[in-house]
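Assemble the complex: chain B is given as a structure, and chain V must be docked to it using the hints.
In the order they appear, the protein sequences are chains B and V.
Just so we're aligned, residue 1 is where the first sequence starts under the numbering used here, counting upward by one.
Just so we're aligned, residue 1 is where the second sequence starts under the numbering used here, counting upward by one.
Hints are computed from structural coordinates only; laboratory data are not their basis.
There may be inaccurate statements among the hints.
One copy or any two copies: either way a pair holds, since identical chains are not told apart in the list.
[To be verified] Here are the computed lysine-lysine pairs in the DSSO-like style, where the Cα-Cα straight-line distance is at most 30 Å:
| no. | residue 1 | residue 2 |
| --- | --- | --- |
| 1 | Lys213 | Lys511 |
| 2 | Lys220 | Lys199 |
| 3 | Lys399 | Lys16 |
| 4 | Lys11 | Lys399 |
| 5 | Lys399 | Lys478 |
| 6 | Lys471 | Lys399 |
Note that the structure is predicted; figures quoted are calculated from it, not measured.
Residues per chain are reported as follows:
Number of protein chains: 2
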Amino acid sequence: MAKTKKQPRPKAETPKGFRDYFGTEVTERTQMLRAIAEVYHRYGFEALESSAVETVEALGKFLPDVDRPNEGVFAWQEADDEDKGDWMALRYDLTAPLARVYAQYRNDLPTPYRRYAMGPVWRNEKPGPGRFRQFYQCDADTVGTASMAADAEICAMLSDTLETVGIPRGDYLVRINNRKVLNGVMEIAGILDANEPSKFEYERGVVLRAIDKIDRLGGKGVRDLLGAGRADASGDFTKGANLSPLQIDTVMQFVEAKSNIFKRIHDAQEAAKMSGSDFFEDLVRAKIAPIAQKRGIPVPEKSLAINSHFTIQYLREIVGSSEVGGQGVDELEQISDLLAAQGYGQDQVVIDPSVVRGLGYYTGPVYEAELTFEIFDEKGRKRQFGSVAGGGRYDDLVKRFTGQAVPATGVSIGVDRLLAALREKGRIGGNVTGPVVVTVMDRDRMADYQAMVAELRNAGIRAEVYLGNPKNFGNQLKYADKRNSPIAVIEGGDEKANGIVQIKDLILGAKIAESATLEEWKERPSQFEVPRDQLVAKVKEILDGQSA
Amino acid sequence: MAKTKKQPRPKAETPKGFRDYFGTEVTERTQMLRAIAEVYHRYGFEALESSAVETVEALGKFLPDVDRPNEGVFAWQEADDEDKGDWMALRYDLTAPLARVYAQYRNDLPTPYRRYAMGPVWRNEKPGPGRFRQFYQCDADTVGTASMAADAEICAMLSDTLETVGIPRGDYLVRINNRKVLNGVMEIAGILDANEPSKFEYERGVVLRAIDKIDRLGGKGVRDLLGAGRADASGDFTKGANLSPLQIDTVMQFVEAKSNIFKRIHDAQEAAKMSGSDFFEDLVRAKIAPIAQKRGIPVPEKSLAINSHFTIQYLREIVGSSEVGGQGVDELEQISDLLAAQGYGQDQVVIDPSVVRGLGYYTGPVYEAELTFEIFDEKGRKRQFGSVAGGGRYDDLVKRFTGQAVPATGVSIGVDRLLAALREKGRIGGNVTGPVVVTVMDRDRMADYQAMVAELRNAGIRAEVYLGNPKNFGNQLKYADKRNSPIAVIEGGDEKANGIVQIKDLILGAKIAESATLEEWKERPSQFEVPRDQLVAKVKEILDGQSA
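One chain only, chain B, in its complex shape (with noise of 0.2 Å):
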């Protein structure tokens, strides 16, 4: 263990890129949790909580983000008396200690293994603003199936997550891609060689990252990156990629594919307003018509199927030359069948070439969640809220313990962005009620205040007794101010001797300190004095009114 200096006092602060959560930043969490795991159970999926703490071997390194030098886990050395041993550490997410677990206990878990978890995870990482070292997944994998209808019931599952815990239809979209048609673009470009995969790393590199960010330089400026380099406003330059006119041709049929299925789309929809035919329609009924029938549901109004339609033509065109490009894009076809069936929109799920996921191990389907609605960055400025979950299929985590590929696929729900979404929509932390405190005026009776505490609590309301020093009555008010406390109750010698209790309804006492002209306010009494054996009873009538 390690030596600590001798210091005279510790300094009280959060470890530095560490955070501690009070009251309704935890319960809401928990609730959220709560929701979750119940539309994950709903969907068979069985929980799983593995140990925080790993070892460095199991662990592997696929941490996502190559980009950044600096990230890495929390790791020890474990000293077994005098030999050194094992370098453990804290996990960095879900999905490695998974395929840790699968390859233990394969034998013994049900094929195909559904599991959900949820938890902590840490990440070594240089600590910054709005950057946590610790912070809550909570995730969903199939393991040891490579059926399509794994990756379309993870997709089908967030959708329905999503609006589970408080993100309304058009406020989210479920974006799916493949990472093996992007492997078709750069066979095809020939900066991808199966043979030798090592090859040419720098260019898919470049390549990846430009796809990111199209919406931002546009075309001019990708085409740029592709090619000899791109100097930025400033005068800073990036080297590309270098790749030829014929390659940067390629490759920007991909990076523009949005907007190029955008246009057919747009194109096919005037074609039919002029020939005057039913183009849509009749797509939808070609597709959807007979699955909505059969099940006896309306066909849904904007079907995925319209969208997955052009998007896979136009996908095939682009890489169907390729072996690995053409699987990729039936795969994407059979995932958006599926989703199709249920019914799921295309303002809920699409599929979206320009899905690029860091993490090194997909080898498939990938797929993420962004809400669309815009809020307002620190600095003021509109911006969309982003990405909240994530996954996709890695079909070789578990080869790395036992030498066999299992094929898995699976999602992770940023939970504390999904929570900060909610917040910043307003659908969770209003004002919070505190407990009903009941004031101390004669200390020696506290056994008579303890009494009425629990009487209110066995009523199944929220109450406590002042603790602190009750010799200033101000300050217990106070105390209940800052506890936000609905209601004070107060018993003093007189109240005693007369049998009675004083309850003070701070609600509306609030209210009426707020705006003293209100007369409606004023003429209703914010205090109420009541016999002792109604102490219950009344508390329960004022607590029914402020909440009505």
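For chain V alone, coordinates are given in the frame of chain B:
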């Protein structure tokens, strides 16, 4: 960060001393934590979740069980670019972080501050059977008040919590002692000098351990330990405290307090019988009846008042001459009066001088909840289940940071032990039903099967499609069996053509298979053919029948 050795395949093993939790092991704990949080919340406590990582400096060295020198924390040194940074560690309990948080945020928090916290803690112990290096704690503490009402409240809440999670009255006991009473005994025996607290540490250590061993060693064995020492049956010699006979008598009065008190109660009972007086009735009437009457509750049958009357009297006799000892007895009396006034019985809470809690930082009342029912240990011997929670008053923990003494008291529940107790008693952990499994007869019609589970889930029924290789139908039923599925749904080509589905009641099927002679089962069909559009209704009907 740690450099890992190059190794072709990492071992798939839970790190030594750690555990993985599956399915109901996770969900049952989640439910218990929720139930506990609800009680704590009703008592006015607020949630706090501090970071799992603290600086070693902030954690300090307050690990319990100082006997075991191997014990420590998991710690590592921050690497801040080239410089070496602070030593960091995983928290070993939830109290040390609370002291840090309170010191840090004391100006923003209400005073007193009632908070609860739940989560894993880590101990760098040598792993052993049943001893884990990561386990859950669930704490409640009140910071900022010296009032004994805070201690009484924690004990009342502990009693309520145990009954809420399913340990009925009679199966547990909250036992309360006071560190000051112990110190009084030490003072009178001349082995504690308030001006030189480090003197006689060895002797006090022997005395504390002797108190813990009275049940096993008996009076003679403990006397030997307090004197020159003791040889056990095997001849091994344990060095004693070398106290004088007078000192030993003083300590023994305390060590044997419990049996002496029981004897007094018994004698009083006999004397009352002889004289025809109603001693116990009178005692209860004097102490409790007025309060019960005021509160409109019946006089509690096994009131705490009887036990505490004799205990307090005895303790006052033996340590009243010491200032600190007398103070300790006064505090115990206050706590017991408050609890008696709230109607707690001596089968829920008792004053018990034999409670010695190891933690060095306690300064006043200490308490412990033990489960009193017997279980069989791994060798088939009967033993009491033992302690599941403990705590006490620690007035100096915040002072480490701020220099100002801040009184505080709190309890920690060992959640894993409590869960084990409930499993032992069969109150949780029954056979858990898995999801309805929709089998796959035709892999090209995955969309149909997905639509079925979507319908079932929308009706609130847990359901999943079989996602393994569907070729072997037997494997699908084996999978359903492993998942503990109540129902399998089958729709092959013929069923599809006829617009029907087959629904197999797997629970009934298993019962029939188990007891082939049972005629009543045999006559009941375990497989039903229903029109496709009655799928959900029929599944519901079967599920309702199964759970009836």
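If any of the earlier hints don't hold here, list their numbers in rising order.
1
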